[in-house]
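A.B. asks: Letter by letter, the chains look like this.
Protein chains: 2
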Amino acid sequence: MNFHTKYELFRAYFERALGIVFERETEGAPEMLAESMRYSLEAGGKRVRPVLFLATLDTFGYAWEEEIALATAIECIHTYSLIHDDLPAMDNDDLRRGKPSNHKMFGEANAILAGDGLLSLGFHLLLKEATRSKRHLAAGEILSRAAGVLGMVAGQSFELFCEKQPEKFSEEELLAIYRRKTSDMIAAPCAMAATLANCFKEEFLHFGEKLGMLFQLTDDILDAKSGEDCDKLTATQIYGIEGAEKMADAWAEDCKNILKKIGADTTFHEYLVDFVRNRKH
Amino acid sequence: MNFHTKYELFRAYFERALGIVFERETEGAPEMLAESMRYSLEAGGKRVRPVLFLATLDTFGYAWEEEIALATAIECIHTYSLIHDDLPAMDNDDLRRGKPSNHKMFGEANAILAGDGLLSLGFHLLLKEATRSKRHLAAGEILSRAAGVLGMVAGQSFELFCEKQPEKFSEEELLAIYRRKTSDMIAAPCAMAATLANCFKEEFLHFGEKLGMLFQLTDDILDAKSGEDCDKLTATQIYGIEGAEKMADAWAEDCKNILKKIGADTTFHEYLVDFVRNRKH
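Heads up: the protein sequence lines correspond to chains F and X, in order. For the first sequence, the numbering used here assigns the number 135 to the initial residue and increments by one for each residue that follows. For the second sequence, the numbering used here assigns the number 135 to the initial residue and increments by one for each residue that follows.
Looking at chain F on its own, in the form it has when it is part of the complex (with noise of 0.2 Å):
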């Protein structure tokens, strides 16, 4: 099975399988609460987090079909950062994705709330899960700390606390915002794999968070090309596109060296690099 055919089939599975997990934990919530959790949750995207931690789970030949909540779980508390993000005293984004953002559908209170309640859901998920064994309460922990105030939400403080003086700061500042803003959340998934699966478990670690940093850097090359975002603390900023691409092509190599020594077959994970280099949104 080629990457793409593969790529697709644990995608459209997930997104299946992430609206039954949706329903069931939601049935009984009122009605304007479910739904605008629902608008952003099924906005589709790419899915890479999910993706991602599925593709490694099934490298370890680990019955990945059975991580459906966890898999949700990750999404859920992505989307929640997304929605939060957009909000007109953050990023004021009316677009995400093509579609009005959550606040421009629902109105800011219930966009807010909606993040609020996908921030939680994913967490309950993360805790119900964590009774089946040791090994989910160590993944769902990982998962935690990827989320919280030393990782994503640093991440968004510490990009905003940059945002208003932009020329002030440089390499440092902006290799500490991607780490945590984006790398962590891309590195838990391995992680959360490899731990359930006990194998290469800081090897996989070490793989997501320099994907997660490549991930970030193309998605500002991709900003700065449609002249989106020149407000903040960018690669492109302090190196110009033609750095920042010289760049990310340096750490997609280094992505696949990490790869080299991974005892397993990766070769999912190798295109999948290629994938977030080269893609196009």
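I should point out that these hints are in silico values taken from the structure, not numbers from a laboratory. Beta carbons are placed, not taken as given, at the ideal position from N, Cα and C, and that holds for glycine.
For lysine to aspartate or glutamate, the following EDC-like pairs were computed, each having C-alpha atoms within a straight-line distance of at most 16 Å:
1. K262/X with E275/X
2. K180/F with D408/F
3. K298/X with E242/F
4. K262/X with E275/F
5. K262/F with E263/X
6. K268/X with E263/F
7. K298/F with E242/X
8. K268/F with E263/X
9. K262/F with E275/X
10. K262/X with E263/F
Far from chain F by the CB rule (all over 12 Å, computed), these chain X residues:
11. R145
12. A146
13. G153
14. E176
15. F194
16. M239
17. D353
18. L356
19. A358
20. G377
21. I392
22. G397
Using the hints, position chain X against chain F.
C.D. replies: Relative to chain F, chain X alone:
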């Protein structure tokens, strides 16, 4: 030891320990994020939820000093809800406990992130504590459910829905809001403590639910007397202040009747009912 001395003992011990847990868990977080989270966490209040949790543990002779992390999780999740509730798009409150609300001090973007950070930290503590024992995990699940899309977030969303046309709704909706918005997060500390001690779980859950209803009812009475929040669906709107006062007396009585059926020394809880019923703020 009389009730007020005992309450103060739990409150003072908790506040000191809370500071230690907070500093430990946010070491390495961006200063702006930690500062805005700390501001609301240290803004005080009565600490009813953690005190109720610790005092209920004490009722069973359980070493409550060992459960400060769970008490902190309870307070983190409660505090995040206050920060987000005060935001301009929600209740738009400039003051909280006589001090500027979080967004008035730090701006809206930081307040959103401070709330997200406290919610994440609360859940992170639940996952960390879950590694200690199955009972700790079960206690975490209780709080997780109470805080989430079937609990507090549901209550906030349903209140928002009813706020638009309060005249269309009546007792059924009011009780649903009270139950989810407030009562679930007051019942949770009782149920968590009883779960840890493995004693009278149903009974303490039942007591906490009723006490939580009473808490929200007396809150609404206090607000009505001071002329606040009159565009919401409240008991004073439906029954008038006098009617709501009678309802509060009856609910306080209900709380005490539940306690009488519990075969443990619930003297503290009896006084707590009066404390909630008779408080002036």
